[in-house]
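Numbering (my numbering), first residue to last: 46 to 484.
In case anyone wonders, no lab produced these hints; they're calculated from the structure.
Because the structure is a prediction, the values reported are computed rather than measured.
Heads up, the beta-carbon is just placed ideally off N, CA and C, and yes, glycines get one too.
Careful: at least some of the hints might be erroneous.
As the list claims (entries may be wrong) - Beta-carbon label-pair distances, calculated as ranges:
#1 Ser328 to Val132: 28 to 34 Å
#2 Ala178 to Val365: 44 to 50 Å
#3 Leu262 to Gly448: 49 to 55 Å
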Amino acid sequence: MPDEEIQTLNRPEAARTVPAPSRSAAATSARTQPTPEPAWLGPVLIVGIVLAALNLRPAITSLGALFEEVRTGLGMSGTVAGLITSVPALCFAVFGVTAPRLSRRFGPAAVVCAGMAAVAAGLLIRPFAHGAAGFLAASALSLAGIALTNVLLPVIVKRWFPDRVGTMTGLYSMALALGTSLAAAVTVPMTSALGGSWRTGLLVWAVLALVAVLPWLPVAAAARREKRAAASEAAATIRADAGPKIVRSRTAWALACYFGLQATGAYITMGWLPQIFRDAGVSASTAGVLLAVTMVMGVPLAFVIPNLAGRMRNQGAIAVTLGLFGLVGYTGLHFAPAGGAWAWALLLGVSNCAFPLVITMIGLRAKSPAGVVKLSAFAQSVGYLISIPGPLLIGALYQHSGGWDLPLTVMAALLVPQIALGVLAGRDRTIEDECGMRD
46 MPDEEIQTLN RPEAARTVPA PSRSAAATSA RTQPTPEPAW LGPVLIVGIV
96 LAALNLRPAI TSLGALFEEV RTGLGMSGTV AGLITSVPAL CFAVFGVTAP
146 RLSRRFGPAA VVCAGMAAVA AGLLIRPFAH GAAGFLAASA LSLAGIALTN
196 VLLPVIVKRW FPDRVGTMTG LYSMALALGT SLAAAVTVPM TSALGGSWRT
246 GLLVWAVLAL VAVLPWLPVA AAARREKRAA ASEAAATIRA DAGPKIVRSR
296 TAWALACYFG LQATGAYITM GWLPQIFRDA GVSASTAGVL LAVTMVMGVP
346 LAFVIPNLAG RMRNQGAIAV TLGLFGLVGY TGLHFAPAGG AWAWALLLGV
396 SNCAFPLVIT MIGLRAKSPA GVVKLSAFAQ SVGYLISIPG PLLIGALYQH
446 SGGWDLPLTV MAALLVPQIA LGVLAGRDRT IEDECGMRD
C-alpha cells in the first residue's frame with residue numbers, strides 16, 4: 046500500500062472517508078445483531094403462560110359438571126350428547142395440526158393470543174345458544190383455541206426459557222391441573238349460588254378466559270417488532286420445515302403414542318372412575334370427591350415431575366414409575382374397589398401425571414423452537430386421535446360384561462405399552478438428529 050494511503054487511514058478524518066456499507070450489508074448486519082428483549086417481557090410471559098394454562102380445561106370440565114342440565118335444557122338426543130363428549134379430543138387433533146403453519150406465519154405468541162381470544166369467544170357465546178348445533182359450534186371454537194395453545198405453549202417455553210424448560214413446563218402443567226380440578230369442583234356450587242341456571246354457571250368461565258388474553262396482547266406486539274431482527278431464526282424455521290418429514294423419527298412416534306395412551310387413561314379416569322366407585326357401593330358424593338382427589342394430585346406433581354425430568358438425560362425411569370403406580374391402582378380397583386378407594390384414587394392421580402412428563406419430553410427431544418413446534422403438533426394431534434376410542438371402548442365393555450372386571454383388565458393392560466413407549470421416548474436423542482432436520 047502506498048505511504049500516502051497509510052497516512053490517510055491513520056488520520057482521524059479517515060473514518061469519514063471510508064465508504065459507507067451498502068444497504069444489503071447493513072441489512073445483513075442488522076439481522077445478525079440480536080435485539081435486546083424488554084425487561085418486562087419475561088415476567089409478563091410467565092403470567093401469560095400460567096393464565097393460558099389455567100384456561101386449557103375449564104371449557105371441558107365445567108360442561109361435564111353441568112352436562113345433565115345442559116342436555117335437558119337444549120333437548121339433546123343421546124347421540125348428540127355422545128358426540129359432544131368426544132369432540133374435545135377430535136378438535137385437539139384436527140386443529141392442533143394447523144399450529145405449525147400458523148406459528149410460522151404469525152409467530153407462536155400471536156397464535157396463542159388468538160387462541161385465548163377464541164377460547165373466550167366460545168365461552169361467551171355458548172351459554173346463549175338455543176340449540177345443540179349452536180352450542181356445539183361455540184364449544185368447537187373454544188376447543189380450537191385450546192388446541193392451538195396446547196401445541197404452542199411448549200414452543201413458547203423453548204423459545205423464551207430454553208434453560209428452564211423443566212421449571213416452566215412444571216409451572217404451566219401445575220396451572221393446567223389446577224384449572225381442571227377447580228372447574229370440576231366449583232362449577233356446580235357456583236351455579237347454585239348464582240341462581241341455578243346452567244347458562245350462568247358456564248358463562249362465568251368466560252371471564253377467566255378474557256383475563257388470559259390481556260398479557261398476550263403486549264407479548265404478541267413485542268414479538269412482531271422482533272420479527273425483522275429474528276429473520277435468521279425465521280429462515281431456520283422454514284429450512285427445518287422443508288427438511289425430512291417428522292414421521293421418519295422413531296422418537297416422534299414414541300412420543301405421539303405415549304401421549305395417546307396417557308390421554309386415553311386420563312379420559313377413562315375422568316369419565317368412568319366415579320361410576321366404578323359407585324358400583325362398588327360408594328356414595329355418589331364420595332365418588333365425586335375421590336375423582337377430585339385424583340385430579341388434585343396433578344397440581345403439585347405437575348410441578349415436581351417436569352423439574353425432575355428436565356435435570357435427567359433419560360426420562361424413561363419416570364415413565365416406568367408412573368406406569369407402575371397405575372398398575373397398582375387398577376389392581377386395587379379390581380380386588381377391593383371400596384375398601385381401598387382413597388389409596389386407589391391417589392395412585393391413579395400419580396399415574397395420570399404422565400401428561401406433564403410427556404409435555405416436558407416434547408421440549409427436550411427437539412433442539413430448536415422450529416423442531417418443538419413440529420414435534421408438539423405431531424405428538425399431540427396423533428396422540429389425541431389415538432385417545433378417542435378409549436372411553437367408548439371401556440363403556441362398551443362395561444355394558445357388554447355387566448361389570449368392571451374386563452374393563453379394568455383392559456385399562457391395566459394399556460399401561461404395559463405405555464410404559465414401553467415412555468422408555469423409548471425418554472431416550473437422550475432429538476428428532477433433528479434422527480431425521481436429518483437442521484436446527
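For each hint, the structure was consulted:
Range check, Ser328 to Val132: Cβ separation about 31 Å, and the 28 to 34 Å hint holds. At roughly 46 Å, the beta-carbon separation of Ala178 and Val365 lies within the given 44 to 50 Å, and the hint holds. The hinted range of 49 to 55 Å is satisfied by Leu262 and Gly448, whose Cβ atoms lie roughly 53 Å apart.
When the structure is compared with the earlier hints, no violation turns up for any of them.
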